[in-house]
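Colleague: Could you put together the complete structure from these sequences and hints?
These protein sequence lines map, in sequence, to chains A and B.
Once you know that position 240 of the first sequence is 240 in my numbering, the rest is easy, because the numbers rise by one and skip nothing.
Once you know that position 101 of the second sequence is 101 in my numbering, the rest is easy, because the numbers rise by one and skip nothing.
To be clear, the hints were calculated from the coordinates, so they are not data collected in a lab.
Hints are supplied without guarantee of correctness; some may be wrong.
Heads up, the list lumps identical chains together, so a pair's fine if it works in one copy or across two of them.
[Claimed, not checked] BS3-like mimics (lysine-lysine), calculated; alpha carbons at most 25 Å apart, straight line:
1. Lys366 to Lys332
2. Lys178 to Lys366
3. Lys246 to Lys323
4. Lys183 to Lys366
5. Lys323 to Lys287
6. Lys332 to Lys246
7. Lys366 to Lys323
8. Lys287 to Lys366
9. Lys246 to Lys287
10. Lys332 to Lys287
2 protein chains.
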Amino acid sequence: MKFPTAILAALLLSACAAPALRGTGDLGIVIERAGGSVVVVDSSARAILGRVEGLGDLSHASAVYSRDGRYAYVFGRDGGLTKVDLLERRIARRIVQAGNSIGGAISQDGRLVASQNYEPGGVKVFDADTLELLADIPATFGDGSRRSKVVGLADVPGNQFAFALFEAGEIWVADLSKPREPKVTKFRNIGSQPYDGLVTPDGRHYIAGLFGEDGLALVDLWQPEQGARKILANYGKGQEKLPVFKMPHLRGWAVAGGRAYLPAIGRHEVLVVDTATWQEVGRIPVKGQPVFVMARPDGRQIWVNFAFPDYSHVQVIDTLEQKVVQTLSPGKAVLHMEFTPRGEHVWISARDDNRVVVYDTANFAKLAELPAQTPSGIFFTSRAARIGF
Amino acid sequence: MKFPTAILAALLLSACAAPALRGTGDLGIVIERAGGSVVVVDSSARAILGRVEGLGDLSHASAVYSRDGRYAYVFGRDGGLTKVDLLERRIARRIVQAGNSIGGAISQDGRLVASQNYEPGGVKVFDADTLELLADIPATFGDGSRRSKVVGLADVPGNQFAFALFEAGEIWVADLSKPREPKVTKFRNIGSQPYDGLVTPDGRHYIAGLFGEDGLALVDLWQPEQGARKILANYGKGQEKLPVFKMPHLRGWAVAGGRAYLPAIGRHEVLVVDTATWQEVGRIPVKGQPVFVMARPDGRQIWVNFAFPDYSHVQVIDTLEQKVVQTLSPGKAVLHMEFTPRGEHVWISARDDNRVVVYDTANFAKLAELPAQTPSGIFFTSRAARIGF
Chain A
1 MKFPTAILAA LLLSACAAPA LRGTGDLGIV IERAGGSVVV VDSSARAILG
51 RVEGLGDLSH ASAVYSRDGR YAYVFGRDGG LTKVDLLERR IARRIVQAGN
101 SIGGAISQDG RLVASQNYEP GGVKVFDADT LELLADIPAT FGDGSRRSKV
151 VGLADVPGNQ FAFALFEAGE IWVADLSKPR EPKVTKFRNI GSQPYDGLVT
201 PDGRHYIAGL FGEDGLALVD LWQPEQGARK ILANYGKGQE KLPVFKMPHL
251 RGWAVAGGRA YLPAIGRHEV LVVDTATWQE VGRIPVKGQP VFVMARPDGR
301 QIWVNFAFPD YSHVQVIDTL EQKVVQTLSP GKAVLHMEFT PRGEHVWISA
351 RDDNRVVVYD TANFAKLAEL PAQTPSGIFF TSRAARIGF
Chain B
1 MKFPTAILAA LLLSACAAPA LRGTGDLGIV IERAGGSVVV VDSSARAILG
51 RVEGLGDLSH ASAVYSRDGR YAYVFGRDGG LTKVDLLERR IARRIVQAGN
101 SIGGAISQDG RLVASQNYEP GGVKVFDADT LELLADIPAT FGDGSRRSKV
151 VGLADVPGNQ FAFALFEAGE IWVADLSKPR EPKVTKFRNI GSQPYDGLVT
201 PDGRHYIAGL FGEDGLALVD LWQPEQGARK ILANYGKGQE KLPVFKMPHL
251 RGWAVAGGRA YLPAIGRHEV LVVDTATWQE VGRIPVKGQP VFVMARPDGR
301 QIWVNFAFPD YSHVQVIDTL EQKVVQTLSP GKAVLHMEFT PRGEHVWISA
351 RDDNRVVVYD TANFAKLAEL PAQTPSGIFF TSRAARIGF
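Modeller: Structure (structure tokens):
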């Protein structure tokens, strides 16, 4: 059998049409909420590289990254779990693992992906390579006949996951050192209706916000024998019954210089808390009801976005001066913010203006506007190297 | 012109012999000190992927990473600056930029690579893509006729570099926002003979160790108008004139939970310092004279290696218990340690046993031994996302 030169050239070309080699340290994705797609972005070039479609219902979607930074695991609201290949810009694997899901996490060693589910309530743990189900942890409580919604799932050192059970009022820590034999430690009676949770950047403290009462529940994961305790008893809606347009996201809580910066619920304030004592030490007035309160990686600035009707603004708090030093208007309906790994830039999604805006965090200059359809969450691969994301 | 099938197959194969696509988030290099080479490693597979040779004199070599994680910049003792492509495992570029050099840094935005030089004394700044020289900052001092050795170079937010001048007794901060027009702020009379320096993980405090007197010099980079001040006046060789087998590396200093863990000079101790007050709050006895004192990324453990004659051991301090909880013997002449990004493993180089040993940090189990020729520094790509590395 012989081949003419033209066919040979075509064969050579198609055989080598693989994407170019490149590092993955400066890649990321932007969730396109309405269309069930993500765009792959390059934070060095400040450019969109391409779009991956077919991810299902991406309202309230979030993502974590494989240890090598090549794959994003995208958790959809419809229980879809999609492994996206950022280099080839295609879906590598996809499963629908629950009826109603609210995000996930990846284990410290990168080998396990966990999803927190509303329906059926519980946590499922998958092999990060194959998405094979390895462990199913139903959130049963009380007499064992009911299952609770799971919220606030976060990875913890030691290949553990911590999460909270909304109806049960419990915090669980699951040790997945043997992935098919999870060992679960349960903290009971931690408070009424935990609605979200986070782990501090050092992986030591797990904190759940309470919807059914004021205050937060805290577990020192280094000293679990001390059990859960209540902190910030005045944190919450309080006596005044303020209208709350959107519950803030706890995952965004910022810890910087020994202080945590928390979104007040219903109030136009950011609370400042001493992380040694977990006592409130100050309040900073801001433009609206805070949703995400996020520290620039060096901790010098805290960036805040807001619930309706102030959701087209972003404010910047200087942590040395402890006050707002800048107000920006990136576009209509700001849903999320993401810092570049060392914090020189921030990417902000403006859903209703269909764009992502990039700012220089040193001088607040607008560096780029990138088109995206109803953008919401922005997630860079540097999250793979962080605890509690 | 026609091609037979066998030739076609060979052509297709060679046309596509490019390295396979892969993420770079779990890559790294190990310096092979004696041979002027590095091995490229995969921290997920715990495997050596290949060797790159021809890097010159790699005694006391160090490395930083490009923003995308694809390229390592290796600083050799002979003034060589080599850009190594981890994916293709070859030298992408190499220059000899000084006669005697002692390491370097990469700017916050990843666009500038800086080298600190002994001879001629100063800092040179290069384009990270091309290694073109952009700025030359001679370390002239006094009447302008002499140049000082430069030590302790570190990146600082705002595309700045901080460094210390050994003979001059000065700390300089160079703002490279306009790379060809560096603006240098000089802190004079900071103390006698600064021999190394570091910036805290939040990029706020620059600290230089002093060889000519006891104590350290500290600059609050958020409040440079306050100037430099002395801290820990008893830190140093002190009155007793203990034999010092090797000056500790300051870059390894660990900051965890509001405390810094410092190698005592000449003493078999790790000093514990409160980073709010910069006062000493404790001392932890260890097996030998500490060289590197490094925090596991979550801050729960501090790992310590030692100068001769105790240089074949490593000890682990538990920061909750404030004492040594483990002693390991990875091999002869332990020179460096590197944690995986989220801290589940640590890689340790044992120079005289020609191996790198990987441990599980949770249970101290030995996971792997990898062959390397006279291994010294180990550097993972996750450094690209960290401040002050």
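Colleague: For every hint, state whether the structure bears it out.
Modeller: A quick look at each hint next to the structure:
1. Lys366 to Lys332: within (16 Å within a copy, 54 Å between copies)
2. Lys178 to Lys366: between (48 Å within a copy, 18 Å between copies)
3. Lys246 to Lys323: Cα proximity of Lys246 and Lys323: one copy only (23 Å, versus 46 Å across).
4. Lys183 to Lys366: Only across copies: Lys183 and Lys366 sit 24 Å apart there, 48 Å inside one copy, limit 25 Å.
5. Lys323 to Lys287: Answer is within; shortest intra-copy Cα gap is 12 Å, inter-copy 47 Å.
6. Lys332 to Lys246: Classified as within; 16 Å inside a copy, 59 Å across copies.
7. Lys366 to Lys323: The answer is within: 22 Å in one copy meets 25 Å, while 49 Å across copies does not.
8. Lys287 to Lys366: within (21 Å within a copy, 53 Å between copies)
9. Lys246 to Lys287: within (15 Å within a copy, 55 Å between copies)
10. Lys332 to Lys287: Close inside one copy (15 Å), not across copies (60 Å); limit 25 Å.
Every hint from the earlier list agrees with this structure, and none is contradicted.
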